[in-house]
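Residue numbers (my numbering), protein chains in the order written: chain A, 1 to 143; chain B, 1 to 137.
The hints are simulated quantities; they were obtained by calculation from the structure and are not laboratory data. There's no promise every hint is true.
Below, simulated SDA-like cross-link-like pairs (lysine to any residue); rule was C-alpha separation at most 20 angstroms, straight line [as the list claims (entries may be wrong)]:
#1 B:39 x B:103
#2 A:69 x A:53
#3 B:101 x A:121
#4 A:102 x A:87
#5 B:101 x A:6
#6 B:101 x A:47
#7 A:137 x B:120
#8 B:101 x A:120
#9 A:137 x A:6
#10 A:137 x A:125
#11 A:137 x A:4
#12 B:101 x B:26
#13 B:101 x B:37
#14 A:137 x B:122
#15 A:137 x B:121
#16 A:137 x B:116
#17 B:39 x A:54
#18 B:101 x A:68
#19 B:101 x A:21
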Amino acid sequence: MNFFSAMEVIASGLGAERVRMNLTASNLANANTTRTAEGGPYKRRDPVFTTAQLDPHGGFDGPLDDAVKLVEVSDVVADPDPPRREYDPTHPDADGQGYVAKPNINLVEEMVNMITASRAYESGVTAMRSVVEMARKSMTLGQ
Amino acid sequence: MKIFDELSGLETHADYHLARHGVLASNLSHAQTPGYVAKDLVFDEAMTSAEGVLARSDEAHFGPGGPTGAVGSGNPADPEGFSVVDIETARFDQNGVRLEKAMAQVSANRLRYEAGIEITRRRLALLRYAATDGGVG
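Starting from the given sequences, assemble the full structure and let the hints guide the process.
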């Protein structure tokens, strides 16, 4: 476990939060999409984060590196919640009763997700900055 | 004692990190290139030769390769023998670059370079100290 393991772990976290931000953007952009390639309205997408093993650096650090885990986006899942039903008989995708199946997206929820992702990204950047600062400070030891 | 020997090792170290910076920077520039596979510069045997062979005085001592690793093969590898390797397989977008990882690699590489320069600086200061008779000459 050295400064560079920490940087690698933080970088993986930043990457994961960026994926979450992209998916939130996709959810917001498609909040009214009624036609998709798989048929039916767009379904809300969510990333699934899993831990991943850090590449062993070998040497003395090998055994300690086992305790430190990277984060990885292992999957992107569609929210199984039913679509919103909106009454709009003139819409070309309206059913017999005049209801249109709209994506199962709650704007407030997406905004909250976006803020969380953005804060998590910021905290990762701060952590990265402090690791770099620590490493740089270590070079001035004994001066 | 060959007092300048260590400096050539440090020079190799700086050369390597400078060359690696180029490779990592090219990964960043190709972050949007379809089908691009991220690259890295490897430096194992060269490092061994640059550091010289460390004698293992006890079987229980660890080497660079971990508890079971050798303490340095002592192969007189070419110090310029850095080779570019592919580090990640392409994903959905057929591009192997992960932006944050690439950025972290660039910063880590810079830190290693700075550490090497700092060691060189101190080493030279020590030589200057000796050459000026303890700073009084």
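Tested hints:
1. B:39 x B:103: holds (13 angstroms)
2. A:69 x A:53: Measuring from Cα to Cα gives roughly 5 angstroms; hence the hint holds.
3. B:101 x A:121: holds (14 angstroms)
4. A:102 x A:87: holds (10 angstroms)
5. B:101 x A:6: Answer holds: residue 101 of chain B to residue 6 of chain A is near 12 angstroms, not above 20 angstroms.
6. B:101 x A:47: The given pair, whose Cα atoms are some 19 angstroms apart, holds under the 20 angstroms limit.
7. A:137 x B:120: Holds: residue 137 of chain A and residue 120 of chain B sit about 17 angstroms apart, inside 20 angstroms.
8. B:101 x A:120: Distance ~16 angstroms between residue 101 of chain B and residue 120 of chain A Cα, so the pair holds.
9. A:137 x A:6: holds (16 angstroms)
10. A:137 x A:125: Answer holds: residue 137 of chain A to residue 125 of chain A is near 18 angstroms, not above 20 angstroms.
11. A:137 x A:4: holds (15 angstroms)
12. B:101 x B:26: holds (13 angstroms)
13. B:101 x B:37: Distance ~14 angstroms between residue 101 of chain B and residue 37 of chain B Cα, so the pair holds.
14. A:137 x B:122: With Cα atoms ~16 angstroms apart, residue 137 of chain A and residue 122 of chain B stay inside 20 angstroms; holds.
15. A:137 x B:121: The given pair, whose Cα atoms are some 16 angstroms apart, holds under the 20 angstroms limit.
16. A:137 x B:116: holds (14 angstroms)
17. B:39 x A:54: Within the cut-off at roughly 18 angstroms; holds.
18. B:101 x A:68: holds (16 angstroms)
19. B:101 x A:21: holds (17 angstroms)
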